[in-house]
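Visitor: The lines below spell out each chain.
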Amino acid sequence: MSARARDSRTADLFAAELAAASVPVPAPKPVAVPPPPVPPVPPAARPAPQRRPLWYAVLFPALLALPAPQERLHRLAHRAQRYTPLVSLEPPAALLLEIRGSLRLFGPPDALQARIDADWARDGLRARSAAAPSPLAALWLARAGASIVIEDPAALAGRLAALPLACTGWDAPRLERLRAIGVTRLGELLRLPRAGLARRFGPALVAELDAALARASAPRRAFVPLERFAARRDFEVGIEEAARLAVALAPLVERCARFLRARRAGVQRLQLRLWHRAAPVTRVTAGFAGVTGDPRRLQRVLEERLSRLALAAPVRAAALVSGPLESLSGGSDDAFGGAGGAAEHAAAPPLIERLRARLGEHAVYGVAAIAEHRPEGASRRVREPGVAAARPPIDAAGVPRPMLLLPSPQRLAAGSAADARPSDWRLERGPERIESGWWDGADVARDYYVARDRRGARGWIFQERRGRDWYLHGLFA
Amino acid sequence: MYAELHALSHYSFLRGASSPEELVAQAKRLGYRALALTDECSLAGVVRAHLAARAHALALIVGTELVCACGLKLVVLATSRRGYGQLSRLISRARRASPKGRYALDREDLPDALADCVILWLPPADAAAAHGRDPGAWLRERFDGRLWLGIELHTNGTDARRLAGLEALGAALGVPCVAAGDVHMHRRGRRALQDVLTAIRLNTPLARAGFALYPNGERHLRALRSLRERYPARLLAATLEIAERCRFDLAELRYEYPEELVPAGATPTSHLRALVERGAGRRWPDGVPAPVRAMLEHEISLIAELRYEPFFLTVHDVVEFARSRGILCQGRGSAANSAVCYCLGITEVDPARMSMLFERFISRERDEPPDIDVDFEHERREEVIQYLYRKYGRERAALAATVIRYRPRSALRDVGKALGMDPVVLDRLAKSVQWWDGRRVDPERLRAAGFDPETPATRRLAALVGEILGFPRHLSQHVGGFVIARDRLDELVPIENAAMPERTVIQWDKDDIDALGLIKVDVLALGMLAAIRRTFDLVNAFGGPARRGGPLDLAALPAEDPAVYAMICRADTVGVFQIESRAQMAMLPRLRPRNFYDLVIEVAIVRPGPIQGEMVHPYLRRRNGEEPVTYPSAAVEAVLRRTLGVPIFQEQVMQLAIVAAGFTPGEADQLRRAMAAWRRKGGLEPFEHRLIEGMRARGYPEGFARQVFNQILGFGEYGFPESHSASFALLVYASAWLKRYEPAAFCAALLNSQPMGFYAPAQLVRDARAHGVEVRAVDVGTSEWDATLERRADGRAALRLGLRLVKGLSRDGAARLVAARAERAFAGVSDLAARAALDRGDLAALADADALAPLGGDRHRAAWAVGGIERALPLLPPETGRVEGVPLLRTPREGEAIVADYASVGLTLRRHPLALLRARLAARGAAPAETLWALPDGEAVCTAGLVITRQRPGSAGGVTFVTLEDETGHVNLIVWERVATAYRAALLEARLLEVCGRLQRQGDVLHVIARRLSDRSPLLGELVVASRDFH
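Residue numbers (my numbering), protein chains in the order written: chain A, 1 to 477; chain B, 10001 to 11031.
To be clear, the hints were calculated from the coordinates, so they are not data collected in a lab.
Among chain B residues calculated to face chain A with C-beta under 8 Å, some are:
{"id": "1", "residue": "Leu10213"}
{"id": "2", "residue": "Pro10215"}
{"id": "3", "residue": "Gly10217"}
{"id": "4", "residue": "Gly10868"}
Yeah, the Cβ is synthetic: ideal placement off N, Cα and C, and Gly gets one too.
Chain A on its own, in the form it takes in the complex (with noise of 0.2 Å):
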């Protein structure tokens, strides 16, 4: 865990939380939103860098079956953090803990170990575990079954012989390379000539083996949880009007924006929470319209949502909680990035966003031109106004289409003629023949016309080909 993720004294507190919007953020105490679990170990338990250090590896079989075990190995990341500020994550379904500083806290090592264990079976989460000198020696043991604490380097390759190559969790080629020279326990490996094995598969077997042995250091990655803002603000007087609310806020959205800028990272989505003294929490959500960490944008937009919000009671305290962080680069922040007009719609988003502040979210849509020859479904609603259209074959080009389509056709009245065509329209142009979309069970066949009626007014209307009924399907302007 990162130094600055890690220390509650800085001003903003930066809720160290995982990605995963399914995680609850905790319930809110009057005064802060309660920091990660941190192990309350003073500096001095921290193991001095002279000290052997003792690895504790656990394996989570039931995450291998997980179609992505990672998210939930974070989370187990993170509750280990609290027996230890070294957690190292071994994907896809184990974890290294270091112990040694932790184990003047808990007692001794088989103590700490049946702990931990009993905290994962309380979960009803078949854990296997280990502890040893080294994170590899751990790690093995622990993938082996074996469930045994090892103080002693000097008693590693004694305790490892037995295991059977499998549990390295190597590479199938390079098992199937020391398969063929025999070796198939880390004994058989173990007593193998060095220089040997290392012309034989690279430097780095041996490298390894050294760090099993814990001959050498084996550096681990500390596992860092994902980021995301969130801070509170405590009023002293309860604010009562929205506006006001609105100015109160402003410097934690500031400090939002501080924090997306630092990281090079903008926001999808906000969410504001109220307390008030005697009433539920009232909970707001801001939506943009593509990646944003620009603090205008970000105030104007919560502005518009509050000032559509009336409001329960007082406000007590607020606390602005970003949705995950998403990367600014490549041009995602801007929706209608991409082929020209880029200077037409800069404006456009903020517009869209206020509007649809105000107006509600689905108030708001682009029309889309589809590639389909019925007309009902040649253009459909979008959310993002200005996607490309879908290009009309060139034989359709100049064939007329209404401005206004009918959210469905109206039948006309019969009229006397032959092909019963209705006497108040007079066909000016077509036929204009659709057969198509037989394939969904909504199969179209019709003889389009353009016509006029007795008031000088310009309809679609078609006929259909196997009913013999004529509808008026559009107006033209």
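Add chain B to chain A, keeping to what the hints say.
Guide: Here is chain B on its own, set in the frame of chain A:
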């Protein structure tokens, strides 16, 4: 009146949605004056269209639609035979310039090539504008007087504007206009199918195909009334004017045989006779026996009458070429088993040795080309093919095409994908063919497969799959049918590239070729010929026992050796051609072949046809004297006597139709074709009536007539002709003889011809060792690439396995190894690595194979040694590397060694793996294979073995046949469908299978009827683990 000048059939693959026959029939029904078939850069459908047009008395115009690289789109129509030839050559040129399935055409290619063709220019939709004039002017300059501007209107809302625009363009250019339809289907009802084809072509679901689909179904053959509403009369009249000019009829095509095989001064007949006489002198040095002489005269006069000499000369030439290269070959087919072909060396089947007569080897009545297939060694057939291309040139010789058509599975996959169905679900459905009853999608079976047949989506799928079945998907190459012409073949039919490099195919398939009377020579590949030739080479090089005089070859094999037949009767036939399969092995002890003709029957009888026609058991009963041999008439007796009154060969069925039901030979031939197709298309009903009535009228009882008809149904497409069977039987005898007398050489040759046959090297080697052959392991000190023979102290041959068995060893590496060894023996592993310049992969492969044993010790030591060799540095002398101590490496355990043998070489010369597991298996109650022979029929048994073969023949009604092998022998399992379903995973995946069931014993044939199966493969994995159980 109207003539459609632009119509695509389904031979414009994945564009046209109707067959040529459907288009022709519909055009006739609508009262069209003529129809032009204009598939895109293809004439693949014209023969079918031609036959249909003749049947419907409709004028057919032959043409093609072409799109040039510049986008210029044309329809080209042939006005005469010359124009047809020009068209065909242009298509050939465009196709040959591109990879298979595509074409490339530049507009500059057109003017010179198409002097006798009419051109329809089809301008793009926006061409009415000024820029359309450029190609128009270009075309008019070159094709003035035979150029029209085609106007195609499809009610898309722009008809009026388009018509006016194009007529104005035509007037401005001075080019007359004509109506056309851009027809993609014969009826509007094919609209859905046409959309599906488009989606498949673009590899996109229909829902996303968008504007690539046509907006409506107007691209069908429209009624005349509808055309009159859309087009001005002058444009319709112009179609007739063009149709009048296109007078070419496909019937004008004349096929001429190549002539160059006849030397100057000789006629084809005199040359053929000279060759036959020369061969007869070789075959019968003491004079041709009188009956054979009579046969020869009869055949030669028939050949001369039908003018087939060039065909026989062509086949003779191919066979002579193969012989000059030492390529073993043999002809088969009705014409091949003639005295003439025996004399020409096309076959080794001595007509005097056969009890049958080949009096009908070619038919005077039917105008049917003679049938000769020639099999060549599979690895060397390409030499023969390239010889033909070289000799006649690519303009004169090409392979026939095979039209690859939609089959139930491919139809289901492609249609389902177009409909946007989940590929995983489709795949599962496609793999279970339950939903397919042979002719159509059966809704009930679909339900059984887990699909609700009532949902619209399933109904659409079922209907479209039914429609698309049989649609051509692409052209492939025929297995070996060569068409050779006297003059340019590409003026007869377009030639295009096949997928394989150096291969070219014509656009017509076997049926088209037959219909037009073209002749093809079938150049086929047969692995057993390679194995037999290799055995001869090995034996001749090794020097056989004194009992043989000259070198061994097919003609020199002693005939009718009783010891060979005794071996065959024991079903001791692993590796023998044809009769090594499980079904054949089960039949041998019952049929007990005693002479050559018995082998002819044996080859033909174990086929789906006779099995489904229920001819096997009647024949066996009659042969064993359990049933009297009777004939309903003397005429039938003449046909069936040689098979004891039971029809076994295809020829017999046809002859029965002639002698008993009064069919003409031509009708019998139609019957043969219908037999081949009825399972797919039906169509036997007219013959049923004709056959049964005919037989009743001639006094045969109805029961007999029905029985014959049912036999015909059973024969279906699987009927096997006696003429092929006879040629195969000769190879059966030859390979059996070699197995009996030269087992080491025969086994080596089989190993060197892999992959072929029914058995893997492990079984072949096991069988050879069981016959007393000493087999020696792969060894870098002695092994060649191929398996070889080594002389033992007692003078007999031992088999040395070849480096080719070593998995992962490169062929080049092996060649360098053998060359380096020839200089001097290897001093050690590093010497070998340096002098043979082997890379790490090759060295590791050799170590894994235990082939370094003499140099590097056991596998583990060898792998260690090999791993320590530095990359070869050519500047350093070998053996300057550092000296390492030998590390503490464990010796491989026996189980490990066996598993490693299998993994690398595919076989082991140590104990059978099951010998090591025997104690474990015995504890489970599994008995060794050989002990089963001591048990009575019907006994409940358990056994276990390595799975050697799994077979699920289509003719066996869902039964799976499995053969297991243990250290004592083989066990044959019969797994009924119910058991197979219950133990599916074990049945399909087990390498070591345990079975419990009931013993079934009939004479010398033993089966276990499986009741319960279990996968014991994990035991094999445990072989590598140290355990006392295994030693």
